[in-house]
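Trainee: Let chain A serve as the given structure and place chain B on it in line with the hints.
Same order as they appear, the protein sequences are chains A and B.
The first sequence begins at 15 in the working numbering and counts up one residue at a time.
The second sequence begins at 63 in the working numbering and counts up one residue at a time.
Mixed in with the good hints there might be a few duds.
Listed below are the simulated SDA-like cross-link pairs for lysine to any residue, each with C-alpha atoms no more than 25 Å apart in a straight line [unchecked claim]:
1. 95(B) / 29(A)
2. 55(A) / 70(B)
3. 116(A) / 192(B)
4. 159(B) / 171(B)
5. 159(B) / 78(B)
6. 116(A) / 139(A)
7. 116(A) / 188(B)
8. 159(B) / 88(A)
9. 95(B) / 82(A)
10. 95(B) / 85(A)
11. 159(B) / 98(A)
12. 116(A) / 47(A)
13. 55(A) / 123(B)
14. 116(A) / 78(A)
15. 95(B) / 107(B)
16. 55(A) / 126(B)
Label pairs and their calculated CB-CB ranges [unchecked claim]:
17. 98(B) / 65(A): 37 to 47 Å
18. 109(A) / 166(B): 19 to 29 Å
19. 185(B) / 60(A): 21 to 31 Å
20. 28(A) / 172(B): 22 to 32 Å
21. 65(A) / 125(B): 12 to 22 Å
22. 106(B) / 57(A): 42 to 52 Å
23. 61(A) / 69(B): 19 to 29 Å
24. 124(A) / 71(B): 21 to 31 Å
25. 179(B) / 95(A): 24 to 34 Å
26. 165(B) / 58(A): 45 to 55 Å
27. 169(B) / 128(A): 16 to 26 Å
28. 182(B) / 58(A): 32 to 42 Å
These are calculated hints, taken from the structure and not from any lab test.
The beta carbon of each residue, even a glycine, is placed where N, CA and C say it ideally should be.
This is what each chain is made of:
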Amino acid sequence: MNLSSGAVIAAMIGAIVLTATAGDVLIASAMRTVGDLDQIKAARGFPGAVWAVLSEGRFLAGACCMALSFFSLLFSLSHADVSLIAPAAGSLTFVSNAVAAKWLLHENVDRRRWLAAVFVCCGVALLKR
Amino acid sequence: MSRSSMTLGRYLVLGVVTLTSAFGDTLLAIGMKRVGPVSLAHPGALLAALGTPWVFAGVLLLLVFFASYLTALSWADLTFVLPATSLAYVGIAFLSKFWLHEQISIARWLGIGLITAGVGFVTRGPAYTPRDSTTPALRGTVQEGL
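With the rest of the complex left out, here is chain A (with noise of 0.2 Å):
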């Protein structure tokens, strides 16, 4: 099989975003029933923080999925250039979050922050022409 070839790109980048994005949406929603960790440290010390952290379902499937993402991307970048994967996977991560976080996570994604995953998307894409 081409490695190189314009569709198995497409494909790892496609995978890289995917595990991205599930790994961002499973650890914010952990990390949003774990609760503010500045006041769990206070109260518990950063064991008692790390603790809840760590015991949390949802943080160890997230990162399982990080994981995932992350083999992917080195995958991909021994194989095409940085120049390339960096930017589509990085700049198609923002969009895919920013739906996913307003319809999983039931974040208020208000015009201001759509205009900035929006901006933020065309500034990645352009950085590494």
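Mentor: Below, chain B alone, put in the same frame as chain A:
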């Protein structure tokens, strides 16, 4: 302290997220270029790459990034933290220019401007979508205290 209020310490945490992400990704890119192409038939080579100095240093920085990223997500929305820390891409561009001696084209400067504008948009708004004033993981502690 409210989960939606941004203090100097919280902006510093966002700064650490930004810097460790920029340096970590740059070190990883250098390391993987030196490792060379990894075959699907030998996925173990990816694990072996972790033992090389550049990749290892990149991973250490990305661990610091992850810890500060988790801290930020405990008091801010995902749609606030991600754009707010996207200045890392600008940092990577400057590292590429001054460390790796790459050229920054007009398109890149335009990209830097757009990212900076995006960061400006999001950081002027609220950081958190409020739902419950009590820190969930401390509810048991509060009830025990009562």
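Trainee: Confirm or reject each hint.
Mentor: Hints and how they fare:
1. 95(B) / 29(A): holds (21 Å)
2. 55(A) / 70(B): holds (18 Å)
3. 116(A) / 192(B): holds (14 Å)
4. 159(B) / 171(B): holds (12 Å)
5. 159(B) / 78(B): holds (21 Å)
6. 116(A) / 139(A): Between residue 116(A) and residue 139(A) the Cα gap is close to 23 Å, so the pair holds against 25 Å.
7. 116(A) / 188(B): holds (15 Å)
8. 159(B) / 88(A): Holds. Residue 159(B) to residue 88(A) sits at ~22 Å (cutoff 25 Å).
9. 95(B) / 82(A): holds (20 Å)
10. 95(B) / 85(A): Holds, at about 15 Å.
11. 159(B) / 98(A): holds (17 Å)
12. 116(A) / 47(A): holds (17 Å)
13. 55(A) / 123(B): OK: residue 55(A) and residue 123(B) at ~23 Å, within 25 Å.
14. 116(A) / 78(A): Since the Cα atoms of residue 116(A) and residue 78(A) sit roughly 22 Å apart, the hinted pair holds (cutoff 25 Å).
15. 95(B) / 107(B): holds (13 Å)
16. 55(A) / 126(B): Distance ~17 Å between residue 55(A) and residue 126(B) Cα, so the pair holds.
17. 98(B) / 65(A): 37 to 47 Å: holds (41 Å)
18. 109(A) / 166(B): 19 to 29 Å: holds (25 Å)
19. 185(B) / 60(A): 21 to 31 Å: holds (28 Å)
20. 28(A) / 172(B): 22 to 32 Å: holds (26 Å)
21. 65(A) / 125(B): 12 to 22 Å: At 18 Å between Cβs, range holds.
22. 106(B) / 57(A): 42 to 52 Å: holds (44 Å)
23. 61(A) / 69(B): 19 to 29 Å: holds (24 Å)
24. 124(A) / 71(B): 21 to 31 Å: Since the Cβ atoms of residue 124(A) and residue 71(B) sit about 26 Å apart, the hinted range of 21 to 31 Å holds.
25. 179(B) / 95(A): 24 to 34 Å: holds (27 Å)
26. 165(B) / 58(A): 45 to 55 Å: holds (51 Å)
27. 169(B) / 128(A): 16 to 26 Å: holds (23 Å)
28. 182(B) / 58(A): 32 to 42 Å: Given about 37 Å between the Cβ atoms, the range holds.
The structure agrees with every numbered hint stated previously.
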